[in-house]
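> Sequence:
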Amino acid sequence: MVSEQNTEEKGQTRVYEVAYLVSPHVAEDKIAEVVSHIKQALEQRGAFVISDEYPKFRPLAYTVVRQHEGKNEKYQTAYFGWVKFELGASTLADLKKTLEQENRLIRFLIVKVDRETKLSVRPQFWRKETVHKETPKPDAPKMTEAEIDKTIEELVVE
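In terms of the numbering used here, the numbers along the sequence shown are unbroken and rise by one, the last being 426.
Keep in mind the hints are simulated off the structure, nothing from the lab. Only a predicted model underlies this, so the values are computations on that prediction, with no experimental measurement involved. Check the hints yourself; a few may be wrong.
The calculated lysine-lysine pairs, modelled on DSS-like cross-linking and capped at a C-alpha distance of 30 Å, are [unchecked claim]:
1. 364 with 352
2. 410 with 324
3. 324 with 298
4. 352 with 342
5. 364 with 401
6. 342 with 405
7. 380 with 364
8. 342 with 401
9. 342 with 365
Given the sequences, and given the hints that come with them, work out the whole structure.
Next up, the structure:
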C-alpha cells in the first residue's frame, strides 16, 4: 500500500495489460493457480487490478515454439487470458522477470493501455444496389426463304 501511494504521488503509475498463454498441458483445475500466481505477482509490486478475463482454451493462429527443459515444444492450442492493472513504471521490469520464470506460461505480453476500454466501432460498408437492366437486343433482319436457301447453298460445298 505504501509503495502504491508513493508512486501515485509521483504520478508514475500507468495502466497496463498483460495478455498470457497458459500451456495446454496444465490441467484445467490448475489454471486458477496460474492466474492467482500472476495476480499475486502484481499485488506484491503494489499493482491495482482493474479488470481481468479468466483464461479460455482456444486454438492459436499459428504454432508457437517454446524451449522448455532443453526441448523445443510446439503449441497449437493454449489457454488465453489477460489482466488489466495499474502499476508504477519502475517495477514493471521486475514483474516481467517474475512472469518469465513461470514455466506454465507459454508466452506473455505487457502493453500500456488506456484505463477505460474503448470499443471500436467498425465502419459499416454498404454495397450500392446494382440494377441489372436488360439491354434490348437489336432485332435481327428478317430473311426470306430465298435468302436462307442461298446462304445454305454457299455454306454447303459439294
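> With reference to the structure, classify each hint as holding or not holding.
Structure-based check of all given hints:
1. The hinted pair formed by residue 364 and residue 352 meets the criterion: a straight-line CA distance of about 15 Å does not exceed 30 Å.
2. Taking the CA atoms of residue 410 and residue 324, the gap is about 74 Å. The hint is violated against a cut of 30 Å.
3. At roughly 13 Å between alpha-carbon atoms, residue 324 and residue 298 fall within 30 Å of each other, so this suggested pair holds.
4. As the CA atoms of residue 352 and residue 342 are separated by approximately 28 Å, the hinted pair is consistent with the 30 Å bound.
5. Restraint check for residue 364 and residue 401: the C-alpha separation of about 64 Å exceeds 30 Å, so the hint is violated.
6. This hinted pair does not check out: residue 342 and residue 405 have alpha carbons roughly 64 Å apart, beyond 30 Å.
7. Under the criterion of a C-alpha separation no larger than 30 Å, the hint pairing residue 380 with residue 364 is consistent with the structure, at around 13 Å.
8. The straight-line distance between the Cα atoms of residue 342 and residue 401 is roughly 57 Å, outside the 30 Å bound, and the hint therefore fails.
9. Taking the CA atoms of residue 342 and residue 365, the gap is about 23 Å. The hint holds against a cut of 30 Å.
In the structure shown, a violation is registered for the earlier hints numbered 2, 5, 6 and 8, in ascending order.
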